[in-house]
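Number of protein chains: 4
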Amino acid sequence: MKKKKLVIIGGDARQTEIAEQCLRHGIRVYLIGFEKWNRHAFDIVKANGYGDVPWPDVDAILLPVSGLKEGNKVEAVFAKQNVILQEEWVKRTKSNCVVITGIHTTSLHALLTKYPRPYHKLLERDDIAIYNSIPSAEGTLLMALQETDITIHGSRTIVLGFGRTGQTIADTFSSLGAYVKVVTNATSEKARAEVMGFTTFHTNALSDIVKDGDICVNTIPALVLSKEVLTHASSRMLIIDLASAPGGTDFDYAKKRGMKALLAPGLPGRVAPVTAGRILAQVLIDLLLEKEA
Amino acid sequence: MKKKKLVIIGGDARQTEIAEQCLRHGIRVYLIGFEKWNRHAFDIVKANGYGDVPWPDVDAILLPVSGLKEGNKVEAVFAKQNVILQEEWVKRTKSNCVVITGIHTTSLHALLTKYPRPYHKLLERDDIAIYNSIPSAEGTLLMALQETDITIHGSRTIVLGFGRTGQTIADTFSSLGAYVKVVTNATSEKARAEVMGFTTFHTNALSDIVKDGDICVNTIPALVLSKEVLTHASSRMLIIDLASAPGGTDFDYAKKRGMKALLAPGLPGRVAPVTAGRILAQVLIDLLLEKEA
Amino acid sequence: MKKKKLVIIGGDARQTEIAEQCLRHGIRVYLIGFEKWNRHAFDIVKANGYGDVPWPDVDAILLPVSGLKEGNKVEAVFAKQNVILQEEWVKRTKSNCVVITGIHTTSLHALLTKYPRPYHKLLERDDIAIYNSIPSAEGTLLMALQETDITIHGSRTIVLGFGRTGQTIADTFSSLGAYVKVVTNATSEKARAEVMGFTTFHTNALSDIVKDGDICVNTIPALVLSKEVLTHASSRMLIIDLASAPGGTDFDYAKKRGMKALLAPGLPGRVAPVTAGRILAQVLIDLLLEKEA
Amino acid sequence: MKKKKLVIIGGDARQTEIAEQCLRHGIRVYLIGFEKWNRHAFDIVKANGYGDVPWPDVDAILLPVSGLKEGNKVEAVFAKQNVILQEEWVKRTKSNCVVITGIHTTSLHALLTKYPRPYHKLLERDDIAIYNSIPSAEGTLLMALQETDITIHGSRTIVLGFGRTGQTIADTFSSLGAYVKVVTNATSEKARAEVMGFTTFHTNALSDIVKDGDICVNTIPALVLSKEVLTHASSRMLIIDLASAPGGTDFDYAKKRGMKALLAPGLPGRVAPVTAGRILAQVLIDLLLEKEA
Ligand SMILES: NC(=O)c1ccc[n+]([C@@H]2O[C@H](COP(=O)([O-])OP(=O)(O)OC[C@H]3O[C@@H](n4cnc5c(N)ncnc54)[C@H](OP(=O)(O)O)[C@@H]3O)[C@@H](O)[C@H]2O)c1
Ligand SMILES: NC(=O)c1ccc[n+]([C@@H]2O[C@H](COP(=O)([O-])OP(=O)(O)OC[C@H]3O[C@@H](n4cnc5c(N)ncnc54)[C@H](OP(=O)(O)O)[C@@H]3O)[C@@H](O)[C@H]2O)c1
Ligand SMILES: NC(=O)c1ccc[n+]([C@@H]2O[C@H](COP(=O)([O-])OP(=O)(O)OC[C@H]3O[C@@H](n4cnc5c(N)ncnc54)[C@H](OP(=O)(O)O)[C@@H]3O)[C@@H](O)[C@H]2O)c1
Ligand SMILES: NC(=O)c1ccc[n+]([C@@H]2O[C@H](COP(=O)([O-])OP(=O)(O)OC[C@H]3O[C@@H](n4cnc5c(N)ncnc54)[C@H](OP(=O)(O)O)[C@@H]3O)[C@@H](O)[C@H]2O)c1
Numbered sequence: 275m276k277k278k279k280l281v282i283i284g285g286d287a288r289q290t291e292i293a294e295q296c297l298r299h300g301i302r303v304y305l306i307g308f309e310k311w312n313r314h315a316f317d318i319v320k321a322n323g324y325g326d327v328p329w330p331d332v333d334a335i336l337l338p339v340s341g342l343k344e345g346n347k348v349e350a351v352f353a354k355q356n357v358i359l360q361e362e363w364v365k366r367t368k369s370n371c372v373v374i375t376g377i378h379t380t381s382l383h384a385l386l387t388k389y390p391r392p393y394h395k396l397l398e399r400d401d402i403a404i405y406n407s408i409p410s411a412e413g414t415l416l417m418a419l420q421e422t423d424i425t426i427h428g429s430r431t432i433v434l435g436f437g438r439t440g441q442t443i444a445d446t447f448s449s450l451g452a453y454v455k456v457v458t459n460a461t462s463e464k465a466r467a468e469v470m471g472f473t474t475f476h477t478n479a480l481s482d483i484v485k486d487g488d489i490c491v492n493t494i495p496a497l498v499l500s501k502e503v504l505t506h507a508s509s510r511m512l513i514i515d516l517a518s519a520p521g522g523t524d525f526d527y528a529k530k531r532g533m534k535a536l537l538a539p540g541l542p543g544r545v546a547p548v549t550a551g552r553i554l555a556q557v558l559i560d561l562l563l564e565k566e567a
Numbered sequence: 275m276k277k278k279k280l281v282i283i284g285g286d287a288r289q290t291e292i293a294e295q296c297l298r299h300g301i302r303v304y305l306i307g308f309e310k311w312n313r314h315a316f317d318i319v320k321a322n323g324y325g326d327v328p329w330p331d332v333d334a335i336l337l338p339v340s341g342l343k344e345g346n347k348v349e350a351v352f353a354k355q356n357v358i359l360q361e362e363w364v365k366r367t368k369s370n371c372v373v374i375t376g377i378h379t380t381s382l383h384a385l386l387t388k389y390p391r392p393y394h395k396l397l398e399r400d401d402i403a404i405y406n407s408i409p410s411a412e413g414t415l416l417m418a419l420q421e422t423d424i425t426i427h428g429s430r431t432i433v434l435g436f437g438r439t440g441q442t443i444a445d446t447f448s449s450l451g452a453y454v455k456v457v458t459n460a461t462s463e464k465a466r467a468e469v470m471g472f473t474t475f476h477t478n479a480l481s482d483i484v485k486d487g488d489i490c491v492n493t494i495p496a497l498v499l500s501k502e503v504l505t506h507a508s509s510r511m512l513i514i515d516l517a518s519a520p521g522g523t524d525f526d527y528a529k530k531r532g533m534k535a536l537l538a539p540g541l542p543g544r545v546a547p548v549t550a551g552r553i554l555a556q557v558l559i560d561l562l563l564e565k566e567a
Numbered sequence: 275m276k277k278k279k280l281v282i283i284g285g286d287a288r289q290t291e292i293a294e295q296c297l298r299h300g301i302r303v304y305l306i307g308f309e310k311w312n313r314h315a316f317d318i319v320k321a322n323g324y325g326d327v328p329w330p331d332v333d334a335i336l337l338p339v340s341g342l343k344e345g346n347k348v349e350a351v352f353a354k355q356n357v358i359l360q361e362e363w364v365k366r367t368k369s370n371c372v373v374i375t376g377i378h379t380t381s382l383h384a385l386l387t388k389y390p391r392p393y394h395k396l397l398e399r400d401d402i403a404i405y406n407s408i409p410s411a412e413g414t415l416l417m418a419l420q421e422t423d424i425t426i427h428g429s430r431t432i433v434l435g436f437g438r439t440g441q442t443i444a445d446t447f448s449s450l451g452a453y454v455k456v457v458t459n460a461t462s463e464k465a466r467a468e469v470m471g472f473t474t475f476h477t478n479a480l481s482d483i484v485k486d487g488d489i490c491v492n493t494i495p496a497l498v499l500s501k502e503v504l505t506h507a508s509s510r511m512l513i514i515d516l517a518s519a520p521g522g523t524d525f526d527y528a529k530k531r532g533m534k535a536l537l538a539p540g541l542p543g544r545v546a547p548v549t550a551g552r553i554l555a556q557v558l559i560d561l562l563l564e565k566e567a
Numbered sequence: 275m276k277k278k279k280l281v282i283i284g285g286d287a288r289q290t291e292i293a294e295q296c297l298r299h300g301i302r303v304y305l306i307g308f309e310k311w312n313r314h315a316f317d318i319v320k321a322n323g324y325g326d327v328p329w330p331d332v333d334a335i336l337l338p339v340s341g342l343k344e345g346n347k348v349e350a351v352f353a354k355q356n357v358i359l360q361e362e363w364v365k366r367t368k369s370n371c372v373v374i375t376g377i378h379t380t381s382l383h384a385l386l387t388k389y390p391r392p393y394h395k396l397l398e399r400d401d402i403a404i405y406n407s408i409p410s411a412e413g414t415l416l417m418a419l420q421e422t423d424i425t426i427h428g429s430r431t432i433v434l435g436f437g438r439t440g441q442t443i444a445d446t447f448s449s450l451g452a453y454v455k456v457v458t459n460a461t462s463e464k465a466r467a468e469v470m471g472f473t474t475f476h477t478n479a480l481s482d483i484v485k486d487g488d489i490c491v492n493t494i495p496a497l498v499l500s501k502e503v504l505t506h507a508s509s510r511m512l513i514i515d516l517a518s519a520p521g522g523t524d525f526d527y528a529k530k531r532g533m534k535a536l537l538a539p540g541l542p543g544r545v546a547p548v549t550a551g552r553i554l555a556q557v558l559i560d561l562l563l564e565k566e567a
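Going line by line, the protein sequences match chains A, B, C and D. Residues 275 to 567 (my numbering) make up the first sequence, in order. Residues 275 to 567 (my numbering) make up the second sequence, in order. Residues 275 to 567 (my numbering) make up the third sequence, in order. Residues 275 to 567 (my numbering) make up the fourth sequence, in order.
Read the hints as simulated data drawn from the structure, not as lab findings. Some hints here could point you the wrong way.
In this list, chains with the same sequence are indistinguishable; a pair is considered to hold if it fits within one copy or across any two.
What the hints assert, rightly or not - Below 30 Å or equal to it, Euclidean Cα-Cα: the simulated DSS-like pairs (lysine-lysine) are:
| no. | residue 1 | residue 2 |
| --- | --- | --- |
| 1 | K354 | K534 |
| 2 | K347 | K501 |
| 3 | K501 | K368 |
| 4 | K534 | K276 |
| 5 | K529 | K310 |
With the rest of the complex left out, here is chain A (with noise of 0.2 Å):
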């Protein structure tokens, strides 16, 4: 069988996870942007002027996790100079290459409206965001272990929200020996928690419970922690926010009452760089190798 071809344009050691992965799966990789990585094999090409990737022969392009910027730039943090993404590659590609983003962006819905690729945004499938929940989860671990003088073991941690990843940091506190408290409003959420052992609460109670918390996590993308709430908090107690940008924090409030609230965006890329690439590799090479439907 003839070797699949896969062109990865910018990313961070994430994308370079995957092109290991792929190499151990019999994927060539042509690289862009990644100049000041230092690896050599055989079925790794740096590409070097683009002349050497054979793009009408090209059956994937994998973009990074923050996708296609305006401009067509791309972010490439092994890369010398900025990578420009040229509508020329695409253009030269057979019709059913595809491509794989991490989001969707303006810029990309753009190009591939004028040059239609079958296309894939990773982060935004399921598993996914299910696989993505333990990085996540050890990456808030990691700050509350930080930012705290007490021990995970015996505090009171006040996880929000119980979705793909709420349940995962939830599980995680508690396995440490953290007394969890978990807020959702759907019932089968709430129904699942409690079959997990955790104590749930409506988000209508929360000026009440954040008045013990050593912790609390946030995955709600919504104004959760408002002023309101926050007026009845202990000031002692660390807020991390997972919500996407802003978040579920009035922050400006948290930081006028002496609280510490922590933003933390992108944990999976930033903590556990080789196993978030390699839970993106897992479903790429199936989508490649056309494992799956």
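Based on the hints, put chains B, C and D with the ligands in the right spot on chain A.
The following block gives chains B, C and D with the ligands in isolation, referenced to the frame of chain A:
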């Protein structure tokens, strides 16, 4: 505030527990078909000749988990004689009197077509299925403890399906030290299972993994433990099949091969009727006291 | 290397499992008192008239867990008639033939005073007591599942003693979602229990905590559940008493109060004989193959 | 009852937490060497010129965890200048004034030979070592999270030693989803580890199992990670060595092989001083209020 009035028609130990819980929440309970239940309390009225049920004033009617059977028969283990629901009763209730049943049946459908009333099928609710997964898992455990001569700890346990019930069963056996393999085809269930530490398999790998299983618990309502698959299974493997009748096992073939294969219907009511009653009571009381939208 | 030779005199399903394990390890096994066990294999010899046991060549003799009873009787559930150990047999063995028993008895003491042989009491070993805590805990669990109408999940379970058995029981019930209170007077056991997430109490607080227990498991070999304490207990609390006879419960008084109190001796052999046999086999084989000092 | 009087000489954030806890228990605290600690309360007296400590009335003296150093120096991070314990102070105390220290030192021995006083070494107590295993395990976790680019979940973690600290570390990593291998030569520790679900190995198998470890945590105070063993280790394996100085690792050789190997002394005080202080306070207060024999 006026006390809410609930009529419980038939049922088993779950319904008596529901009566107890209603009592605690200030609900007045009328019982039909509970002559053999020896319980006396001011707000528990055992209907006698039915003249003593103030039908026009009733807020809700509770049928057993099995619903309304043919000929409007109602299962009633505490009754001294057969219990038949009289259409007259329903007819006399007000139009917003809520009818609550475990499952949907054709008799009930016919009745409510004639006398439309708000209508709840408890067992079809997602939260109740999740809460019920606890007594289901413990019932499964009980059978496994009884039917094997090894410990669960260290046993190789296969769990088919990772939905509401399968997830709790896998967790239960694993927390006792079993080596649990989870079989699911859904990518997000697979992801959650792996986050929880299980190795996962596709159903098409079943023939392979049953080779060295000690215990196999099925929750998939489809013929997964087919003759084809069972041919490869260790003949010492115990099968506990929870999937709704007829289960997911070729029981005839299993028997032929000398395997122990058990269909295990209705575990919650059998293994922990009080807890099973409380699970229903909690939702029922929320409905009755209108805590829920 | 010459094959080791083991004679198994009497016993139950644990001894048949030991025979199986010895077979796997290349040990030749002679059985006395196993006529009803239907198993044939080259290296398993059912002694017939005892002429066929080469006593001078035997490396070890295994007695049942219950040891050697009065009149040199040996418990043997697979025997067709009573099994009596003949002193002649031991007399003919070489002086370094090892005698292995479950527990010490006076008959055995007398025998070995007459014919001194190296001597091991398996049940008195710390490691075996720890391994056995698994089937003990699962046996306790089985009884709790059978004897209550609530789930273990959410139950208030009290564990008396946090030694080798109590620790595993507390962990087992807690991992199923019970709220576990641990009672111990030893400061280091208290510390370990708290590290494992349990709340701990001194025995002198017992009268207080039995007030709202659902299940109470005792492993303390002393009268801890005295009349004095039981007076305060909820009459619905189930007592499972594992402590060696006569247990740690005032059973008469419990009965008078209408409480269910069960003495539960010999759980490992009853609930999981194969595992219990393997636990013994593992140590026995190490001894026989001299892997141990 | 007259208030107990405690003098705290030097220390760090653990001692300030001890002061706080004593305050709550109605103990009057005199502080020497805490000028930089900004805390005011009626029963907390910062000694000034030492004239204000009523020595003949003092019930106990607390030295830091590190004890009394050469020249009677005392570590004191909140002091503005060096703190030297004056023999005069001890001389003036009553003969049953208790001296409490973390560890034994020769200076302290000399002092107490001259002025005999009841004497407690907190860190040598079994219960404190067990409680301290929590912050030790969390400190180890923090280092592992910081120093690897993979998640703990799914990592292959080797824990050397299964004593008080090793047991908690193995449990902590395992509960986060690591595959934990435990190395111990003690049969009862091996049994407990297996009951808890770990695979176990003898130290003489070390060369073999380090081949595919991601993280190796050592708690054995002996040269176990010798040059001989490290030769076989994956060079990407992170070593965290907790064993008391000089640790159990050939650090020079590890460095030569390009391995990351970290000696991690005093984790409790560094990672969770408040919890570490509370652990000491709990025992100290029991001693002071004579709750203990
Ligand atoms: N910083 C990081 O590294 C990181 C990592 C992972 C995720 N995230 C972010 O974390 C957030 C959660 O991600 P997820 O994957 O866990 O999402 P999810 O599975 O959709 O879970 C979201 C949770 O929030 C609840 N929720 C949403 N809107 C709510 C509202 N207005 N009021 C009350 N509850 C509400 C949901 O309850 P319902 O089911 O009732 O809606 C659910 O419990 C997202 O913003 C995501 O971008 C950040
Ligand atoms: N005996 C008892 O006491 C008892 C107690 C509880 C439940 N049950 C029965 O157990 C069954 C499962 O209940 P549940 O609440 O866990 O349901 P659920 O949440 O819907 O889970 C069902 C599981 O089966 C899988 N599945 C369904 N059809 C499949 C197919 N054709 N091939 C492969 N996988 C399939 C589902 O995967 P997808 O998500 O991919 O469909 C899911 O993993 C039901 O039949 C229920 O009536 C019995
Ligand atoms: N029924 C069965 O199947 C079964 C199975 C296993 C064990 N057992 C029995 O269960 C009992 C415990 O076995 P084990 O292996 O766990 O023993 P163990 O390790 O010695 O533990 C005994 C526990 O009881 C405590 N204890 C002993 N005497 C006490 C007293 N007078 N007051 C307060 N606490 C006291 C011990 O505390 P300290 O450390 O402070 O003494 C320890 O916590 C034994 O009687 C054993 O024969 C029965
Ligand atoms: N860095 C920190 O923050 C920190 C925190 C806590 C502890 N520690 C240090 O960690 C070490 C362990 O503390 P611990 O409280 O866990 O002690 P412990 O309870 O005595 O455990 C020590 C473990 O090491 C084993 N061991 C001792 N010597 C051995 C040898 N020569 N060969 C093989 N195994 C041996 C013991 O097995 P046996 O039972 O067979 O002897 C046991 O498994 C100590 O050095 C302590 O000072 C450091």
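Results for each hint:
| no. | hint | result |
| --- | --- | --- |
| 1 | K354 / K534 | between (37 Å within a copy, 28 Å between copies) |
| 2 | K347 / K501 | neither (38 Å within a copy, 49 Å between copies) |
| 3 | K501 / K368 | neither (54 Å within a copy, 46 Å between copies) |
| 4 | K534 / K276 | neither (55 Å within a copy, 41 Å between copies) |
| 5 | K529 / K310 | between (39 Å within a copy, 25 Å between copies) |
Of the numbered hints given earlier, the model fails hints 2, 3 and 4; all others are met.
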